[in-house]
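Peer 1: For this one, chain H is given, so just place chains C and P on it according to the hints.
Protein chains in written order, with this note's numbering: chain H, 1 to 62; chain C, 63 to 302; chain P, 303 to 547.
Just so you know, these hints were derived from the structure itself, not from any lab. One or more of the hints may lead you astray.
Here are a few chain H residues that face chain P, going by a calculated C-beta distance under 7 Å [stated by the list, open to error]:
(1) ALA17
(2) VAL26
(3) LEU36
The calculated DSSO-like cross-link candidates involving lysine-lysine, where the alpha carbons are at most 27 Å apart (straight line), are [unchecked claim]:
(4) P/LYS390 / H/LYS45
(5) H/LYS57 / H/LYS45
(6) P/LYS390 / H/LYS50
Each residue gets a CB set at the ideal place from its N, CA and C atoms; glycine is no exception.
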Amino acid sequence: MSEFFEMGGYARYVWPAWGIVFACIVLNIYLARRALDRARFEARKRVAMKAVDAQLKGEAAT
Amino acid sequence: MTVREGITLQAESAPATAALEAARLVLARDLRLAFRRPGEILQPLVFFAIITTLFPLAITPELSQLRVVAPGVVWIAALLASLLALEFLYRDDSHDGTLEQYALSGQSLTWLLFAKTAAHWLLTGAPLAVIAPVAALALGVPVSSVPGIVASVAVGSIALSLLGAIGAALTLGVRRSGVLLSILTLPLAIPVLIFGASATQRAVNGSSIEAPLYLLAAIAVLGLTLAPVAAAAAVRISLE
Amino acid sequence: MAWTWFHRLGSPPYVYSLAARLTPWFAWPAAALILYGSYLGLAIAPEDYQQGDSYRIMYVHVPSAWMSLMVYTTMAIAAAVGLIWRMKVAHAVAASCAALGATFTFCTLVTGSIWGAPTWGTYWEWDPRLTFQLVLLFQFLGYSALRAAIEDPQRADRVTAVLAVVGVVNVPIIHYSVEWWNSLHQTASVMKLGKPSMPPEMLVPLLVMALGFTFLFAALLLTRLRAEILSRERAASWIRDVVNA
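Bound conformation, chain H alone (with noise of 0.2 Å):
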């Protein structure tokens, strides 16, 4: 098991190599996962904000 983490004597290289790659895409899912919700927010605010504009411009009316 020791020389699993050992590697060879190459560690330190190959561990922080793994390291970043798997770090990037944890930072990318996470990244993707944000926009996507931030986008629905931000479009669900403009459907309603819309519906209110609606709903004045209908009350001005009469």
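Peer 2: Same frame as chain H, now just chains C and P:
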């Protein structure tokens, strides 16, 4: 008759020769306007001279060592000077609406932009091909390398003008686009830099510069056929 | 029949719901493939007789490199489709690629650099393939910078599309750079005509990881694409149904 009227009239006559005629008019106009402000023509060249001067000051005044880096230094300075001049390529015409007139004229925008790029090369690239060997000599290269340097800078600067025209078209209308223009154009210009510096290095060493020179010429020819088309597309998009 | 499919892809609501449905089909297999590939590559694959265990960096380096090229190509194709057929969705795809492409390129450069230390004795070399890979990173960053600098969204789409298409020339340069120049990099051992020159015990984990990375790219692209489509559609009526669902 102004150039704009001339170009629009041309659109009504035979289209094929009209494009060349219109291009010739645009080229003549750009050159004439540039010579009214000789200071602007000189600026990139002075910039080139200053940059080549910085290297001996920053690295070492030893000619024997400068000779080693001379090809690269000359080429980087030429690249930067070319980029500086590019900003002026479209700026004035886009500000006063001439570029829009070109796009609306019914003439081939590709040919008109090719003419503008040719003007840029005549005003920047060709003079650089003349003063680059002077700078290289100042950095310690042997006199025998001068023809090779002239050839490689002349051909390479054609490619640079063409690639830069694409970058300038893409950043049209972006405020303070100078740095962005460089960021976009430099990646495309790297092969030119590699082969140009290689040709210059071989000229300094005394070996044949054929191989990199042909590759530079190939890039220039490829640019000649494709760059004005891409630039025209980018200009039309920016003017929409 | 094929044209109906193509036209449907031009409809943002259709693409949005399609992306939503497809994402899990890429995301979960991606996770499984990457985990399995990592297990194979780190624990099962045999030691290299020259490089010992350090070669295992290859299992993240090479898939990242392949992905960086694939992402740029995808971006360029989407950009071209957007320019030619004036499809907003295609431009949205191109925009979604930029961040992912930059990440893969960055990973390629960093893992390559780390791998280079024990193998070539240096963290960096101005080797043609490394240099052009660095150029690719600049291209992704330049694309994003140009997009951010143009205010009008349609103009931004189309101008960056021209940039993406013009810059695609770097992709074959990177791939063939090891053949055209004397390079520290080894020449292609997998992506060449004929049989790959790697033993299967070493090759299989690589292919598994590559497939996993591809599925990951697809899942992330679809997620970002949904975000792009939502932010572009302003207050179109179909959005109401989607966000209130």
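Peer 1: Answer holds if the nearest beta-carbon of chain P is closer than 7 Å to that of H/ALA17; otherwise answer violated.
Peer 2: 4 Å, holds
Peer 1: With the threshold set at 27 Å, check whether the alpha-carbon distance from P/LYS390 to H/LYS50 stays at or below it.
Peer 2: Since the Cα atoms of P/LYS390 and H/LYS50 sit roughly 23 Å apart, the hinted pair holds (cutoff 27 Å).
Peer 1: Let me know if the C-beta of H/VAL26 comes in closer than 7 Å to any C-beta of chain P, holds or violated.
Peer 2: 11 Å, violated
Peer 1: Keeping to a limit of 27 Å between CA atoms, is the pair of P/LYS390 and H/LYS45 held or broken?
Peer 2: Holds, at roughly 23 Å.
Peer 1: Does the structure keep H/LYS57 and H/LYS45 at a Cα separation of 27 Å or less?
Peer 2: 18 Å, holds
Peer 1: With 7 Å as the cut and Cβ atoms as the points, is H/LEU36 at the interface with chain P?
Peer 2: 4 Å, holds
Checked against the numbered hints given earlier, this structure breaks only hint 2.
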